[in-house]
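Enquirer: Read off the chains here:
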Amino acid sequence: MSLTAPKHRLHPKAIKAWRIKGLMYSVIYGLFTAAFFITRLFLDIPLSIGIIMGGITLFLAALQIFIIPKIRMIYWGYEIKDNEIDIQHGLIIIKRTLIPMARIQHVDTEHGPIMRKFELATLNIATAGTEHKIPALDFETARTLRKKIASLAALSDDDV
Amino acid sequence: MMMSDYKRQHPFMILMSLITQLKSLFLPFVLVLLFQNQGGGDFYTDALFLAITGGILVLSVLYSIFKWFFYRYSLKEDALIVRSGVFIKKRRYIKPERVQTTSMEAGILLRMRGLVSLKVETAGSKIEAEFTLEALKPEDAKAIQNYLKGDVKETFAEEEEAEPSFIEIGLKDLFLAALTSGNVGIAFLFIFAVVSQFIEFVPDEFVSELQGSLIGQGLLLIFIIGVLVLIASWIISIIRYMLRFSLFKVTMEEDELTITRGLIVKRTFRVKKHRIQAVNIVEGILREPFSFATVECEVAGGGSYEPGHKITLFPLIRKNNLQKTLKSVLPEYSVEFNLSPLPKRAMRRYIVRALILYVPIIPVFFFYPISLLVLITLPIALYFGILRYKNGGYEIKENMLIQRSRMIAKTTVIAKRRAIQDITLTQTILQKHRNLVHFDMTVMSTPSHKTFRLKDLPSSTMEEFNDWLQKNTQNS
Numbered sequence: 041m042s043l044t045a046p047k048h049r050l051h052p053k054a055i056k057a058w059r060i061k062g063l064m065y066s067v068i069y070g071l072f073t074a075a076f077f078i079t080r081l082f083l084d085i086p087l088s089i090g091i092i093m094g095g096i097t098l099f100l101a102a103l104q105i106f107i108i109p110k111i112r113m114i115y116w117g118y119e120i121k122d123n124e125i126d127i128q129h130g131l132i133i134i135k136r137t138l139i140p141m142a143r144i145q146h147v148d149t150e151h152g153p154i155m156r157k158f159e160l161a162t163l164n165i166a167t168a169g170t171e172h173k174i175p176a177l178d179f180e181t182a183r184t185l186r187k188k189i190a191s192l193a194a195l196s197d198d199d200v
Numbered sequence: 448m449m450m451s452d453y454k455r456q457h458p459f460m461i462l463m464s465l466i467t468q469l470k471s472l473f474l475p476f477v478l479v480l481l482f483q484n485q486g487g488g489d490f491y492t493d494a495l496f497l498a499i500t501g502g503i504l505v506l507s508v509l510y511s512i513f514k515w516f517f518y519r520y521s522l523k524e525d526a527l528i529v530r531s532g533v534f535i536k537k538r539r540y541i542k543p544e545r546v547q548t549t550s551m552e553a554g555i556l557l558r559m560r561g562l563v564s565l566k567v568e569t570a571g572s573k574i575e576a577e578f579t580l581e582a583l584k585p586e587d588a589k590a591i592q593n594y595l596k597g598d599v600k601e602t603f604a605e606e607e608e609a610e611p612s613f614i615e616i617g618l619k620d621l622f623l624a625a626l627t628s629g630n631v632g633i634a635f636l637f638i639f640a641v642v643s644q645f646i647e648f649v650p651d652e653f654v655s656e657l658q659g660s661l662i663g664q665g666l667l668l669i670f671i672i673g674v675l676v677l678i679a680s681w682i683i684s685i686i687r688y689m690l691r692f693s694l695f696k697v698t699m700e701e702d703e704l705t706i707t708r709g710l711i712v713k714r715t716f717r718v719k720k721h722r723i724q725a726v727n728i729v730e731g732i733l734r735e736p737f738s739f740a741t742v743e744c745e746v747a748g749g750g751s752y753e754p755g756h757k758i759t760l761f762p763l764i765r766k767n768n769l770q771k772t773l774k775s776v777l778p779e780y781s782v783e784f785n786l787s788p789l790p791k792r793a794m795r796r797y798i799v800r801a802l803i804l805y806v807p808i809i810p811v812f813f814f815y816p817i818s819l820l821v822l823i824t825l826p827i828a829l830y831f832g833i834l835r836y837k838n839g840g841y842e843i844k845e846n847m848l849i850q851r852s853r854m855i856a857k858t859t860v861i862a863k864r865r866a867i868q869d870i871t872l873t874q875t876i877l878q879k880h881r882n883l884v885h886f887d888m889t890v891m892s893t894p895s896h897k898t899f900r901l902k903d904l905p906s907s908t909m910e911e912f913n914d915w916l917q918k919n920t921q922n923s
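Sequences listed follow chains H and Z, in order. Everything in the first sequence is counted per this note's numbering, starting at 41 for the first residue and increasing by one. Everything in the second sequence is counted per this note's numbering, starting at 448 for the first residue and increasing by one.
I should point out that these hints are in silico values taken from the structure, not numbers from a laboratory. Any given hint could be a false lead.
Here are a few chain H residues that face chain Z, going by a calculated C-beta distance under 7 Å [unchecked claim]:
#  : residue
1  : Gln128
2  : His129
3  : Ile132
4  : Ile133
5  : Arg136
6  : Leu138
7  : Ile139
8  : Gly152
9  : Ala166
10 : Thr167
11 : Ala168
Where is the CB? At the ideal position from N, CA and C, for every residue including glycine.
Work out the full structure: start from the sequences and follow the hints.
Expert: In structure tokens, the structure reads:
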């Protein structure tokens, strides 16, 4: 994209967290495949279906554990400017979102179990109609950004 | 003063509420009745059934009366207070400054009694109205509207002051608008639904006879029936449109617009001008050749005034009249624009997008050569692809962003900077080679928000949008 990429990156630990998430999803797909083979002990279903299922599972696992986290990290960027938040993310399709500070209605942080393990949090930014996320920030950064955005957004007191 | 007294709605609300309840009971009732009949004439079940029906009826009536009795509102100094609830008491405070829009409505029943219903939407309300007063005397509704407008004193003042200016739609324009409204699809579905319902009641022998004759007469008959159904749908859509938009009138006051429309169900929609987020100029394919356009607006939290959450500002307007009319209604949006066209390199992508739908059906051609007939539509698709490219454009003009694109209808969106919630630019790997991006802008709308997309802009425009968006929003 021609506009200079946003300055800040996500925390490098995010890759590991995403990989673990990917692994967990892969385990779930794996369970479905396993369920198929168990069913096959009792019912007469063609083996080929099972092979295809296994193949898809392996493919998705490779994608989600090894490939996607890295690419995602490369493109993820954000920047909190005085009057705008600039977010870029994507894998094949790169999305660049510009949110005027004056439009922001509220910000909050959240973290799920895996992210908490890595001491990472997601920053949620909501305007009157849309919602945006900056995932995988370390706790300290997330807290600082939340405060910063809250005070910057409060300055421009615009009614809808 | 009378001001702090709680008022009830017109007792007619009891009947309204009863009707709504009976409506929701109607289907279960019919179902029970059907099963009942199958069981045969057992006296006790019959009696039980009657008793339950009677009981429900009495309860409904009582509930409606109580509901009316406990639903009270009051116009206080700083807030409109609504108290309601038969078992669970509710008390709601609505601050006039938080109210986004109010709309008045009167169905046949209400109009026979000369009453109206009033809907009030606040910033938080999404799909359902914040609250609805189902039956009011028009003067009471007016009083509430005036109160919410902020003129507390005026609540009891005389109605007439300086007559505000307004715009109406003439009968000829209304007819033209209906003729070109292109709601054929919806009406067609409606007819289809009715016919398929009707078929169930037709005796079986008749159906089989009809089928025999259909095959006998060949495809011609089916074709004729199809055409007739389409024509009928069209006529119905025209009538529906005319009923919906007859007596259309936009009244302009200093900071408010009042839109009235409808012959059978009369609706009034009142909106503060600064709640309007964007204006769309829509030129449907049937209207464009005659230089006609429709103007709609996006309103933050507008409620359900028209189907599809649209709010029509002018049902039909001649394009050479557009700027003049916009100036008198919403002067901010009356901007002369001179859009920057899309870059040449985008055209190929527009054409590919228009034709790509044909690719998956290529294998079918080999198996069923008759399907090659589909290719008749290819030139049309190609034409639309090129048209989409040619019509696409954008311009930043002071505090306004103007964007034009086309799916079927050509749509020009004019949005104020302060209404834009966010701008998103999307780029695929293929676009990267050509330095193009998709441009999305989101504005608040009913029920939540609306995103307008313009495809394949040069990526260099990102800088421009970024700078523009960052400018101080204070005086926009």
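Enquirer: All hints, please: hold or fail.
Expert: Each hint tested on the structure:
1. Nearest Cβ of chain Z to the Cβ of Gln128/H: about 9 Å, over the 7 Å cut. The hint is violated.
2. Against a cut-off of 7 Å between C-beta atoms, the interface hint on His129/H is violated, since the closest Cβ of chain Z lies about 11 Å away.
3. A cut of 7 Å between beta carbons decides the hint on Ile132/H: the least distance to chain Z is about 6 Å, and the hint holds.
4. Hint status for Ile133/H: holds, given a least beta-carbon distance of 5 Å to chain Z, under 7 Å.
5. Because the beta carbon of Arg136/H sits about 4 Å from the nearest beta carbon in chain Z, less than 7 Å, this interface hint is met.
6. The closest approach between the C-beta of Leu138/H and any C-beta of chain Z is roughly 5 Å, which is under the 7 Å cut-off, so the hint is satisfied.
7. Proximity of Ile139/H to chain Z holds as hinted, the smallest CB-CB distance being about 4 Å (cut-off 7 Å).
8. Because the beta carbon of Gly152/H sits about 25 Å from the nearest beta carbon in chain Z, more than 7 Å, this interface hint is broken.
9. Hint on Ala166/H is violated. Least Cβ distance to chain Z is approximately 10 Å, over the 7 Å limit.
10. A cut of 7 Å between beta carbons decides the hint on Thr167/H: the least distance to chain Z is about 4 Å, and the hint holds.
11. Interface hint at Ala168/H: satisfied, since its Cβ lies 5 Å from the closest Cβ of chain Z, which is below the 7 Å cut-off.
Against the hints set out earlier in the document, violations occur for numbers 1, 2, 8, 9.
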